[in-house]
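Peer 1: Protein chains in written order, with this note's numbering: chain A, 1 to 166; chain B, 1001 to 1103.
Worth flagging that the hints you see were computed from the coordinates, not collected in a lab. Remember, it's a predicted structure, so these values are computed and weren't measured experimentally. Every clue listed holds true.
Here are some, though not all, of the chain A residues that point toward chain B, as calculated from beta-carbon distances under 7 angstroms:
id, residue
1, M35
2, D104
3, I105
4, G118
Every residue gets a Cβ at the ideal spot worked out from N, C-alpha and C, and that includes glycine.
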Amino acid sequence: MANTETPLKKVCIIGAKGTIEDVYATLVMANGAVMEGIETKVFFTFFGLDAITKKQMNKIKTATIGNPAMRAPGGLPFPSILGMLPGVEAGVSAMMMKSMEKLDIPPVDEFLEMITAGGGEIYACKLAMDMFKLEKEDLWDEVKDVLTIGEFYAMCGGENTQIIFT
Amino acid sequence: MAQVTLAGQTVEVNDEGYMVDASQWNKEIAAEMAKEQGIELSDKHYEVLEFLRSTSEKGETLTIRKVGKSGIVDIKGLYQLFPGGPLKYSSKFAGIPKPASCV
Chain A
1 MANTETPLKK VCIIGAKGTI EDVYATLVMA NGAVMEGIET KVFFTFFGLD
51 AITKKQMNKI KTATIGNPAM RAPGGLPFPS ILGMLPGVEA GVSAMMMKSM
101 EKLDIPPVDE FLEMITAGGG EIYACKLAMD MFKLEKEDLW DEVKDVLTIG
151 EFYAMCGGEN TQIIFT
Chain B
1001 MAQVTLAGQT VEVNDEGYMV DASQWNKEIA AEMAKEQGIE LSDKHYEVLE
1051 FLRSTSEKGE TLTIRKVGKS GIVDIKGLYQ LFPGGPLKYS SKFAGIPKPA
1101 SCV
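The task is simple: from the sequences and hints, build the whole structure.
Peer 2: Next comes the structure, spelled out in structure tokens:
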């Protein structure tokens, strides 16, 4: 804070996963950077594309199976077998979104709007788009471009730039 | 903690230049702090500052989302008013503590 000899100038964030916690890690870091006046570019790839796909962006979930950190309210154990029951994943995910809303953390589409409103740029991975058979029209309107990883790297040069993989 | 003179008044500020006592604040102090950052305060700026001060007084956590929903200015406009620090600069000029918020 006080030591700002060589402040961070640019962050290039790569979001490759599509669960609530992964997508929000990407979005919180991106938005936080924009708010600090740091140039911000975000590249969504693989399952991370859900965060910028119109049909999926506000339906992301957290995994209730195979997630050892999953606990019931009050810190009680949450047996994996419960996570298999129909509706549990949706219910748990809705609860998580609700507790974030209480902290003024917006839904995915609004969060992306906050990032672009401050000048942050959102990109999609061409390879993953081809793999999932997605077209540019399937993506959120403000996605700036569909890029190869090489093209994204070309934007990540310069002094005091960091690439972050979430 | 240090004392600085802003707009002819001695005020207490922390290491990052945020005022310690919000009641010492006035518009001239805000204008001088903004000038140091290269920002000329307009009526719109002051509306935002007043909103931040009243929200902070109520003990609510400040976020840019909250300012965006205040009806004063949208988030894009907020960035235009306070380039490079929509919340950190605005709260500084408003004479309130730096919000402990990630949004």
